[in-house]
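*Asks:* Given next are the chains, with one letter for each unit.
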Amino acid sequence: MKLPADTRYSLIEKIKNPRDAEAWHEFASIYQPLIFKICCSRGMQHADATDVTQDVLARIAQAIEQFRYDQSGATFRGWLYRITRNMVADFFRKGKKDLLQHADRTTELRFDKDPARDECREFQIEFQRQVFTVVARQVQNQVKPQTWAAFWETEMENRHVESVASELEMTPGAIYVARSRVIARLRKEVQKRLSETDQFFVHDESMP
Amino acid sequence: MKQNIHIPEQDLQRVIDENAPVANQAEIETHISDCEICQNRLLALAADPSWRSQFIENMSDNLLHTDLDRSDHTLDELGKTKNKGDEYDLETVSRMLEEIMLPPTHPEMLGCLGRNEIESIIGCGGMGVVLRGYDRDLQRPVAVKMILPRLSKNGTAKQRFAREARAAAAVLHPNVIAIHGIEETDGIPWFVMPLVMGSSLGELVREQGPLPEKEIVRIGMQIASGLAAAHSQGLVHRDIKPENILVDNRVNRVVITDFGLARRESEEPMTQTGYLAGTLNYMSPEQTRGLDIDARSDLFSLGSLLYFLAAGVVPFQSESPMGVLHLISQEQHADVRTHNPDVSKTLANVIDRLLEKDPDDRFQSAVDLETFLAEYIAHLHHPTQKSAPVVPTRRSKNRTFAITTFVLAGLVLAVCIPLFWNWWSGGQTGPVPLETQWTDIKQQYQLSDPDAFQSEFSQLRSQISTLDQMETQQMPESRSLSTQIDELQREFNRFEKYLD
Chain A
1 MKLPADTRYS LIEKIKNPRD AEAWHEFASI YQPLIFKICC SRGMQHADAT
51 DVTQDVLARI AQAIEQFRYD QSGATFRGWL YRITRNMVAD FFRKGKKDLL
101 QHADRTTELR FDKDPARDEC REFQIEFQRQ VFTVVARQVQ NQVKPQTWAA
151 FWETEMENRH VESVASELEM TPGAIYVARS RVIARLRKEV QKRLSETDQF
201 FVHDESMP
Chain B
1 MKQNIHIPEQ DLQRVIDENA PVANQAEIET HISDCEICQN RLLALAADPS
51 WRSQFIENMS DNLLHTDLDR SDHTLDELGK TKNKGDEYDL ETVSRMLEEI
101 MLPPTHPEML GCLGRNEIES IIGCGGMGVV LRGYDRDLQR PVAVKMILPR
151 LSKNGTAKQR FAREARAAAA VLHPNVIAIH GIEETDGIPW FVMPLVMGSS
201 LGELVREQGP LPEKEIVRIG MQIASGLAAA HSQGLVHRDI KPENILVDNR
251 VNRVVITDFG LARRESEEPM TQTGYLAGTL NYMSPEQTRG LDIDARSDLF
301 SLGSLLYFLA AGVVPFQSES PMGVLHLISQ EQHADVRTHN PDVSKTLANV
351 IDRLLEKDPD DRFQSAVDLE TFLAEYIAHL HHPTQKSAPV VPTRRSKNRT
401 FAITTFVLAG LVLAVCIPLF WNWWSGGQTG PVPLETQWTD IKQQYQLSDP
451 DAFQSEFSQL RSQISTLDQM ETQQMPESRS LSTQIDELQR EFNRFEKYLD
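As they're listed, the protein sequences go chains A and B. Counting in this note's numbering, the first sequence runs from 1 upward without gaps. Counting in this note's numbering, the second sequence runs from 1 upward without gaps.
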């Protein structure tokens with residue numbers, strides 16, 4: 001299916017289809033831990049945080065179909081943060097039963113013009129860290145174990161290239177090549193993830 | 001080997017892009033093996049240095065904290081070539097030392113750091129490696145603590161490390177480890193401490209089993225004393241546990257160490273929200289929930305520690321980390337005497353009081369605890385001359401509770417009723433200064449009958465829940481009432497000192 005030219009092909013578009021399991025899995029790998037940590041940081045117990053996280057994800061699934069790109073809206077991340085914050089507050093006021101049914105739909109989807117009000121610094125930092133972690137795992141699965149080791153031992157563990165080279169039976173030059181390639185891949189993937197949710201959306205109830 | 005001509009930019013780029021195979025890849029790799037300039041060019045093409053530092057810092061931060069979401073396993077998987085359980089790699093540490101140390105004066109030594117001769121690597125604690133050394137000028141053995149090699153490029157880690165040193169250095173007390181000097185060599189921070197001859201409390205109990213009561217009380221008193229000194233500097237240790245208490249055999253004294261997680265009350269918290277720092281078993285309930293903690297959190301941890309000394313086991317034990325957190329936060333500990341019947345009622349009461357879930361129900365300061373334990377020690381030494389001190393009962397059992405309830409009711413009434421009327425009339429409420437309200441309420445209610453106000457309080461409660469329901473349906477700015485009540489509660493706790 002061809003997408004219109006001005007729509008960027010992104011994860012958010014993909015998850016509009018609830019049956020795209022791969023997209024949802026990828027989406028959840030970033031956002032589930034993020035939402036969970038926000039819940040915990042607000043004082044929730046582990047079991048409750050797990051439940052509320054599921055509720056937030058379900059709410060996203062419900063509303064995402066009516067999202068459309070619009071510069072006058074807010075970022076997807078901003079919307080996500082607001083939903084999470086509201087559901088956490090509701091949890092503390094009412095208990096977690098039927099959080100989804102009573103989600104305050106009128107307020108949560110109305111955006112402030114100023115995106116800074118909807119996003120918050122803690123969320124940003126947490127989000128970025130989560131993206132780094134998820135992307136690292138992905139790239140690790142994409143490259144040979146030796147290549148990954150060459151990168152990890154020199155870049156992260158800060159060991160000397162010569163000793164890693166003799167351990168992995170590669171030349172130092174090959175170590176640098178492997179290391180640079182992995183770094184480049186990581187950077188590109190991270191950039192992709194971050195830009196996906198930088199786009200602006202509005203919630204359009206007129207959409208089917 | 002050496003070439004005057006370096007690799008052209010586009011070849012380097014193609015190597016990184018992995019798209020088109022580069023014909024002379026083998027030659028390129030050979031050149032890069034020896035050419036530092038091309039090494040750096042290659043890395044720079046992969047990503048700019050600031051991105052790389054950011055990535056390393058973020059990933060290192062993950063490695064620094066306890067990752068409770070064990071289903072992740074990311075950290076274990078990512079560090080595949082590292083042996084699990086190895087906190088440090090001997091080879092890497094040795095190499096880091098070699099890089100920054102000057103050659104030793106004695107052939108058997110490892111090297112020199114400042115005026116300290118470094119003898120050996122003792123082990124790993126917190127974020128750093130501990131070395132055994134000898135101060136040549138002052139002619140005494142020392143312990144040198146240095147940041148872990150893999151954190152040596154991580155700015156955040158180095159900041160934390162330096163903070164640990166500064167935190168401990170600020171406290172001068174016989175039961176707190178002394179910091180002699182904080183230095184930096186080639187960007188690697190390190191500091192010097194006296195070498196404590198002896199083991200940690202953890203090792204001691206694991207070898208000898210539960211300690212005799214007098215020992216426990218004496219140790220508890222010393223730790224409380226040390227904590228009092230730290231608290232008076234505005235520091236909360238946050239990681240009180242047996243492994244962090246060293247026993248100095250020579251002078252029969254315990255020393256609190258490893259202020260790695262200590263935090264000044266006014267400082268910006270370095271851990272991001274959602275991360276729990278510290279060892280699990282000895283954490284306080286408020287720590288497990290990531291809430292604001294104060295000095296009384298250390299007292300809870302001390303309670304767990306005393307329990308361990310008396311029983312030989314920890315009060316909150318479970319197979320999974322989440323299990324431990326749940327127990328700490330929700331479940332009552334078993335009476336310490338079920339593990340060790342020889343423990344006195346007094347000591348058991350002290351432990352129970354320290355292990356109260358609500359910080360308000362514990363000893364309110366390390367000084368209070370120290371004073372109590374000092375009295376108790378005196379009794380133990382002269383049982384006939386001095387009577388055993390009695391552990392004060394919890395606040396909630398006091399008469400003050402009745403007073404606090406109806407004063408709170410009064411406060412809430414005073415704020416809620418205007419709010420309620422404003423809601424009806426659709427107007428805006430300006431905040432009434434709480435000091436003014438407090439004075440009025442104190443005068444108005446202090447002389448009244450507690451029972452009457454208990455009933456008024458219950459009425460008020462139902463009023464509030466009705467308001468809440470109405471509010472949800474009508475007011476776009478929700479939660480304001482609940483938030484105000486929370487704020488009131490906090491204000492009220494601060495005003496409590498006016499009660500007698």
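Please keep in mind that the hints were generated in silico from the structure rather than gathered at the bench. It cannot be assumed that every hint is accurate.
[Claimed, not checked] Mimicking BS3-like on lysine-lysine, the simulated pairs with C-alpha atoms at most 27 Å apart in a straight line are:
id: 1; chain 1: B; residue 1: Lys-357; chain 2: A; residue 2: Lys-188
id: 2; chain 1: B; residue 1: Lys-357; chain 2: B; residue 2: Lys-345
id: 3; chain 1: A; residue 1: Lys-94; chain 2: B; residue 2: Lys-345
id: 4; chain 1: A; residue 1: Lys-188; chain 2: A; residue 2: Lys-16
[Stated by the list, open to error] Computed Cβ-Cβ distance ranges for the label pairs, DEER-style:
id: 5; chain 1: B; residue 1: Gln-13; chain 2: A; residue 2: Lys-144; range: 20 to 30 Å
id: 6; chain 1: A; residue 1: Lys-144; chain 2: B; residue 2: Gly-209; range: 16 to 26 Å
id: 7; chain 1: A; residue 1: Leu-194; chain 2: B; residue 2: His-339; range: 20 to 30 Å
id: 8; chain 1: A; residue 1: Gln-191; chain 2: B; residue 2: Pro-103; range: 44 to 54 Å
What you are looking at is a predicted structure, and each value in this text was computed from that prediction instead of being measured. We put the CB at the ideal spot given by N, CA and C, even for glycine.
*Asks:* Would you mind marking each hint as holding or not holding in the structure?
*Replies:* Against the structure, the hints come out as follows:
1. B:Lys-357 to A:Lys-188: Distance ~48 Å between B:Lys-357 and A:Lys-188 Cα, so the pair is violated.
2. B:Lys-357 to B:Lys-345: holds (20 Å)
3. A:Lys-94 to B:Lys-345: Not satisfied, since the Cα-Cα distance of roughly 42 Å exceeds 27 Å.
4. A:Lys-188 to A:Lys-16: Holds, at about 24 Å.
5. B:Gln-13 to A:Lys-144: 20 to 30 Å: holds (22 Å)
6. A:Lys-144 to B:Gly-209: 16 to 26 Å: At 52 Å between Cβs, range violated.
7. A:Leu-194 to B:His-339: 20 to 30 Å: Distance hint for A:Leu-194, B:His-339 is violated at roughly 53 Å.
8. A:Gln-191 to B:Pro-103: 44 to 54 Å: holds (47 Å)
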